[in-house]
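A.B. asks: Each chain is listed here by its residues.
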Amino acid sequence: MNRRLRNALKGLTDPDIERRRRVMDSFVRATFESFIRYLYRYLGNEVECEDVLEDVYADIWEKPERLRNVTSDRELLRTVYLYYMRKRLREVYRRINRNLHLSQIDLKNLVAPELGVLEMTSQSELRQLLRRVLNRLKARERRAIELWMEGMSNRAIANELKTTVGAVKMLKFRTMLKLKKMLCDHCRED
Amino acid sequence: MSDINRTIEELLVDYAGALRDGCIPVFLKSLTREEGRRIASSRGFWDATEAVRILNSVGFADKVLFPKVSLFISRVDAEIVSRLKKARASSRRKRSARARPLTKTKE
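From first to last, the protein sequence lines stand for chains A and B. With the numbering used here, the residue at position 148 of the first sequence is 148, and numbering never jumps. With the numbering used here, the residue at position 28 of the second sequence is 28, and numbering never jumps.
Everything labelled a hint here was simulated from the structure, so no lab data went into it. The reader is advised that the hints may include incorrect statements.
To be verified - Dumping the calculated PhoX-like pairs for lysine-lysine here, alpha-carbon to alpha-carbon at most 20 Å:
(1) K85/B x K63/A
(2) K86/B x K63/A
(3) K87/A x K108/A
(4) K10/A x K63/A
(5) K87/A x K63/A
(6) K138/A x K162/A
(7) K108/A x K29/B
(8) K138/A x K178/A
Stated by the list, open to error - Covered stretches of chain A (chain B as the covering partner; in silico rule of three or more C-beta atoms under 8 Å from a C-beta of chain B):
(9) 16 to 26
(10) 34 to 40
(11) 62 to 74
(12) 123 to 130
Unchecked claim - Reference listing, derived: stretches of chain A covered by chain B, where coverage requires no fewer than 3 residues with Cβ under 8 Å from a Cβ of chain B:
(13) 3 to 10
(14) 138 to 149
Remember, predicted model here, so these are calculated numbers, not experimental data. Idealized CB from N, CA, C, for every residue including glycine.
So that you can see chain B by itself, here it is in the shape it has in the complex:
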């Protein structure tokens, strides 16, 4: 991915490789201004990316070892609990903020 001024074919192949290897950020960062323009104006590139994604899902997603669902559920639950806590804390803050001016006027 170090070549400068890659052709659209090379860019597509590099994108496909990055997606296959799970390093899309490296591909994105490697793009030069000229290459960015080339991608934007190429209909072929956008058409081919769809096929690349399909190949990626069919060819590689089945081989990847994802975590066990029971372990993942505990992660989701922890995230939900943290959001619940945040929501409760912010509503408490709002309530106390609303109550404060009242106490001031009493004084």
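Chain A on its own, in the form it takes in the complex:
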């Protein structure tokens, strides 16, 4: 953790609320990039990410006690996710929950899940890891994932792979499961 962020964290737990408000500036500067990219993982929508993060920072300013003993970047992200982001993520979809055919618990698990091994791996580590793992997939599986990541629809992927949409869906599902297993194995080895 860099010095600037360490100092900001120290200032955040100051009992004086006005001082905390001034410290928020450097705290937001130091953490904005990593926090908003982390939220994007769950929301996939930049406008929602900004709205949620605004509330997260205000919550941190209001009740910063959870961050008192944080000593590393990873611990900071973990603590902020568990005690500040999750609550806000759940609120995003709470209002539409009344009309859903998904139980409250399943909805929670889908939009703000418990932290797994992968969820706590940093963005740069994940990027490297994914590159390594994608190379170990079969050519067809890798191509399907790469095309999907380029933004292609299932039909376009099916045309590219000369197969049916149904087969692409099956292939993607199986590949996702395979990817998850391979990524988890790599994380545990590391």
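With chain A's structure known, arrange chain B on it following the hints.
C.D. replies: Using the frame of chain A, we list chain B on its own:
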């Protein structure tokens, strides 16, 4: 996402598409009761969603243009100021509520 009674594979692919396109509410609303049950009982679905989120963060978060941090800071500060005002107003209300019965007894 209009098919009814989608298989678990189709549901996962639709969830992945919704996350990629930033329209999770549309996916949630499209679920039928049967599909909701299918999701709840499928271990594979939950395992695969983790990989989907990772792909989403690695594949797309870097391409998205987030606002400049200096602009965002002013939003956060405005939210903090509004919470401060609310807190002050509610403490003022509490104080006046506590003071009111005293004045009544004096009268």
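A.B. asks: Of all the hints given earlier, name the ones this structure violates by number, lowest first.
C.D. replies: Violated: hints 11 and 13.
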